[in-house]
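K.L.:
Chain by chain, the residues:
Number of protein chains: 2
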Amino acid sequence: MSTKALAIEEKICPLEKAVNAISGKWKIAIVWQINEGKKRPSEFLRGIKNVDRRVLNQQLSEMVKDGLLTKTSFNELPPRVEYQLTDLGNGLLKILWDLNEWGKSLDNSVG
Amino acid sequence: MSTKALAIEEKICPLEKAVNAISGKWKIAIVWQINEGKKRPSEFLRGIKNVDRRVLNQQLSEMVKDGLLTKTSFNELPPRVEYQLTDLGNGLLKILWDLNEWGKSLDNSVG
Numbered sequence: 001m002s003t004k005a006l007a008i009e010e011k012i013c014p015l016e017k018a019v020n021a022i023s024g025k026w027k028i029a030i031v032w033q034i035n036e037g038k039k040r041p042s043e044f045l046r047g048i049k050n051v052d053r054r055v056l057n058q059q060l061s062e063m064v065k066d067g068l069l070t071k072t073s074f075n076e077l078p079p080r081v082e083y084q085l086t087d088l089g090n091g092l093l094k095i096l097w098d099l100n101e102w103g104k105s106l107d108n109s110v111g
Numbered sequence: 001m002s003t004k005a006l007a008i009e010e011k012i013c014p015l016e017k018a019v020n021a022i023s024g025k026w027k028i029a030i031v032w033q034i035n036e037g038k039k040r041p042s043e044f045l046r047g048i049k050n051v052d053r054r055v056l057n058q059q060l061s062e063m064v065k066d067g068l069l070t071k072t073s074f075n076e077l078p079p080r081v082e083y084q085l086t087d088l089g090n091g092l093l094k095i096l097w098d099l100n101e102w103g104k105s106l107d108n109s110v111g
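The listed protein sequences correspond, in order, to chains A and B.
Position 60 (the first sequence) corresponds to 60 in the UniProt record's numbering; numbering is contiguous.
Position 64 (the second sequence) corresponds to 64 in the UniProt record's numbering; numbering is contiguous.
Treat the hints as calculated values from the structure; they're not laboratory data.
Small disclaimer: the values here were computed from a predicted structure and weren't measured.
Hints are not guaranteed to be accurate.
Any copy, or any two copies together, can satisfy a pair, since identical chains are not distinguished.
Here are the simulated DSSO-like pairs of lysine-lysine, each with C-alpha atoms no more than 30 Å apart in a straight line [claimed, not checked]:
| hint | residue 1 | residue 2 |
| --- | --- | --- |
| 1 | Lys-71 | Lys-104 |
| 2 | Lys-38 | Lys-65 |
| 3 | Lys-17 | Lys-104 |
| 4 | Lys-38 | Lys-17 |
| 5 | Lys-39 | Lys-104 |
| 6 | Lys-49 | Lys-71 |
| 7 | Lys-38 | Lys-104 |
| 8 | Lys-71 | Lys-38 |
| 9 | Lys-17 | Lys-65 |
| 10 | Lys-17 | Lys-39 |
| 11 | Lys-49 | Lys-39 |
| 12 | Lys-39 | Lys-65 |
| 13 | Lys-49 | Lys-38 |
| 14 | Lys-71 | Lys-39 |
Chain A extracted, bound-state conformation (with noise of 0.2 Å):
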């Protein structure tokens, strides 16, 4: 391995984390979501076409582990769970706003 090859992987990486951590199709979803003000699972499943509870469940215990969202469970009957985002995930909602701006561009070009 060149140290050049190197370099390059080593710029690159934060990126591909990025990437990956935006990659999954209902992770996007679920910061728009609750950027629209919905906070429960409840409320995603209403919001995001053809996502299923269990992959729900899976993202959303994915980006907590992330740190993108917080999880609150409140004490009650029936249990009540509410999701936000972090100073991280919103950092990531500003960067999806010039993504989806940049994305109707892209729509334009490819026509």
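We have chain A already, so just place chain B on it with the hints.
P.N.:
Frame of chain A; chain B shown alone:
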């Protein structure tokens, strides 16, 4: 399909397109290489770790098709081919820098 689901699907669509356009590992690397002044496929091959010529050419073709890159063929012997970012490609590059910075925070947070 409810109106609500449809609205969200449409809203996410440009963002999904954007994510798809950058999800190919070498596409990000290619944009980065061009930003560093590289232009020719042989330079990309040397600069990107573990990429092969066939995959590289496939990615480059897709990026030209998507309007991210322009390809210029010089009528020389041996034939010379150069790629550069379009305005659309440069728009992506700016976002990739933001995503790269964000990826560093993710790294620290994940630990």
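K.L.:
The structure should be examined with respect to each hint, and the outcome stated for every one.
P.N.:
Against the structure, the hints:
Taking the closest pair of Cα atoms, Lys-71 and Lys-104 come within 30 Å of each other only across two copies (23 Å); inside a single copy the shortest separation is 32 Å, beyond that limit. Proximity of Lys-38 and Lys-65 under a CA criterion of 30 Å is satisfied intra-copy only: 20 Å inside one chain copy versus 38 Å between copies. Taking the shortest alpha-carbon separations for Lys-17 and Lys-104, both the intra-copy value of 24 Å and the inter-copy value of 8 Å come in at or below 30 Å. In this assembly of identical chains, Lys-38 and Lys-17 lie within 30 Å of each other by CA distance both inside one copy and across copies; the values are 26 Å within and 24 Å between.
Proximity of Lys-39 and Lys-104 under a CA criterion of 30 Å is satisfied in both settings, with 27 Å inside one chain copy and 27 Å between copies. Only within a single protomer do Lys-49 and Lys-71 lie at most 30 Å apart by alpha-carbon distance; the minimum there is 22 Å, versus 38 Å between protomers. Both within a single protomer and between protomers do Lys-38 and Lys-104 lie at most 30 Å apart by alpha-carbon distance, with minima of 25 Å and 28 Å respectively. Taking the closest pair of Cα atoms, Lys-71 and Lys-38 come within 30 Å of each other only inside a single copy of the chain (13 Å); across copies the shortest separation is 45 Å, beyond that limit.
Taking the shortest Cα distances, Lys-17 and Lys-65 sit within 30 Å of each other both inside one copy (14 Å) and across copies (26 Å). Within a single copy, Lys-17 and Lys-39 get their C-alpha atoms as close as 25 Å, and across copies as close as 26 Å, so both meet the 30 Å cut-off. Taking the shortest Cα distances, Lys-49 and Lys-39 sit within 30 Å of each other inside one copy (17 Å), while across copies they are farther apart (41 Å). For the homomeric pair Lys-39 and Lys-65, the shortest alpha-carbon distance inside one copy (17 Å) is at most 30 Å, but the shortest distance between copies (39 Å) is not.
Only within a single protomer do Lys-49 and Lys-38 lie at most 30 Å apart by alpha-carbon distance; the minimum there is 15 Å, versus 42 Å between protomers. With identical chains, the CA atoms of Lys-71 and Lys-39 are at most 30 Å apart within one copy only, with a shortest distance of 9 Å there and 46 Å across copies.
Of the hints listed earlier, there is not a single one the structure fails to meet.
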